[in-house]
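**Student:** Every position in the sequence shown, counted from 1, becomes a number in this note's numbering once 38 is added.
Simulated DEER-style distance windows between Cβ atoms:
| # | residue 1 | residue 2 | range |
| --- | --- | --- | --- |
| 1 | W306 | D168 | 49 to 55 Å |
| 2 | W306 | G279 | 28 to 34 Å |
| 3 | T414 | K106 | 29 to 35 Å |
Straight-line alpha carbon distances no greater than 27 Å define the calculated BS3-like cross-link-like pairs of lysine-lysine that follow:
| # | residue 1 | residue 2 |
| --- | --- | --- |
| 4 | K321 | K333 |
| 5 | K53 | K322 |
| 6 | K336 | K53 |
| 7 | K106 | K141 |
| 8 | K47 | K322 |
| 9 | K322 | K333 |
| 10 | K330 | K320 |
| 11 | K321 | K336 |
| 12 | K330 | K47 |
| 13 | K96 | K106 |
Just so you know, the hints here were simulated from the structure itself, not pulled from any lab data.
Just so you know, even glycine gets a beta-carbon here, dropped at the ideal spot from N, CA and C.
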Amino acid sequence: MELDEVLDKVGRFGKFQVINYTLIGITILLSSVYSLSYIFTAGDLEYRCFIPECEDLKTTSFNPEWLKNAVPFEDGPSRCLRYSFSNISFTNGNSCSAETFDKERQIGCHSWVYNGEESTIVNEWDITCDENQWKITLVGTVNNIGQFIGYPVAGYFSDRWGRKTALVACTVLAGLMGLARSLAWSYESFLVFEFLDPVVGSGIYTSGFTLSLELVNGKGRVLGGTLIPVFYAVGEVILGGVTWWLENWRYMLRIFYAPALLCISFHWLVPESVRWLITKGKKKEAKEIILKVAKTNKIDLSEEFLTKFEMTSLLEGKSSDSEKKSKTVKEVLCQVIHSKILLLRVLSCSFCWTTITFVFFGLSLTSVSVGENKYTSFILAALIELPAYVVVYLTMDRYGRKFTHSSSLILSGISCISFAFIPIDLDWLRMIAFLTGKFAITIAFTVVYVYTAELFPTELRQSLLGVCAMFGRIGSIIAPQTPLLERYLESLPLLLLVECLYSLVFCLLHLPETLNLELPDTVEEAEAIGKS
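Please model the entire structure based on the sequences and the hints provided.
**Tutor:** Structure representation (structure tokens):
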């Protein structure tokens with residue numbers, strides 16, 4: 039009797055799964071905010087030079103009548119240059135007239151006036167002008183470097199001590215780091231906590247996703263794998279809305295990170311993965327959870343079923359063997375390294391992850407500069423993910439993982455290259471191309487999570503998923519730097535297309551189809567995928 043048969047007996051996707059998917063979904067919602075909050079905490083602002091000869095910082099307006107006399111204009115006032123104050127004395131009573139400034143001599147600013155009430159680290163510590171632009175883009179890169187380090191650590195922790203333990207620990211620790219970041223006293227201290235937050239919190243999504251996937255049988259994996267990203271998209275929408283309402287980066291962080299501390303209660307509310315318990319030989323705990331699932335879903339289990347369940351190799355044979363052999367993580371890792379099939383699979387998945395995260399996060403970052411209102415553009419880019427998840431649900435079980443994955447990459451590439459050639463004045467057409475690209479890459483991102491999890495054995499699933507996600511962060515590390523790269527390379531969307539196509543070819547060549555296959559529990563079972 040296989041575990042999928044047991045799960046099918048007690049309910050494919052019943053009340054028990056709904057309750058626990060909701061609880062796990064709360065942590066996924068928080069993780070989306072934690073992954074993307076830097077878009078707003080380090081968001082660029084509209085500003086100009088402060089002119090002390092003409093205004094007071096407490097009473098000034100952003101665009102006074104005399105402003106064109108004092109600063110150069112090109113599609114708005116210059117952000118970092120002003121005209122030198124003339125030494126000639128005038129007696130006409132207007133100290134800010136055109137004659138007051140020497141327009142032949144431009145000088146740099148020493149302080150700035152910001153448009154609007156929005157508060158980010160830009161006006162908190164006056165991180166302005168081109169020479170400091172790298173400090174803004176560095177925030178996103180540091181965040182993703184933290185995730186790069188945190189993913190494999192969280193993966194090992196999850197495989198060693200359990201999915202639930204990793205999920206709760208990562209969420210609570212991320213909450214503490216986020217609250218500390220909201221109290222940052224300098225740019226440097228902010229950057230330190232921006233790094234530590236994802237180091238401890240990057241395992242929220244992978245642990246939650248793996249735990250949720252192992253709560254259901256094979257037929258429920260597509261639905262389960264689709265529901266979890268929905269919570270991620272909802273988190274993005276809430277992030278955009280709350281930030282728009284508050285317009286204060288410190289308050290925003292406190293509102294989103296404080297609830298993470300309450301997730302410590304999930305240690306008692308959320309069950310551990312039955313698959314993980316079985317691979318660790320913890321058959322008693324596994325049986326208790328199976329019985330709890332049956333009770334919650336109102337399924338009567340006969341004595342014959344329970345006897346068969348207890349005597350099956352699922353608990354007695356496989357567990358006892360695992361206890362006798364007592365394979366260590368090091369031994370299993372060595373087995374993976376010596377397996378050309380799994381090693382090539384890890385490399386292929388890692389390459390796909392790198393490409394997809396580069397495009398996905400690159401488009402998320404670009405969203406705040408596509409439309410007139412950065413908040414509505416960001417929210418639209420998040421909302422377009424929801425129909426993408428519906429498409430995933432409808433196509434993955436019908437057409438398979440490989441077809442859904444590759445076709446979405448092609449569509450994303452076409453959309454990116456189209457966006458590059460659409461005239462700037464056609465805002466509506468550019469927005470359609472942009473949203474289509476985000477829609478397609480969301481499909482690819484969702485598929486690659488389910489696909490990767492299905493390709494690796496239970497005993498190392500979280501660790502290898504963490505490795506792939508870690509390499510995927512190379513793409514998201516580069517993505518925040520795209521605003522700087524566009525200054526030197528205007529055809530950046532063309533590179534996105536090329537990456538999508540290379541990823542597609544790599545994926546098709548080396549990855550087997552996993553449609554209608556059971557999750558492999560051992561390295562041998564994982565190697566057998568695609569051979570029959």
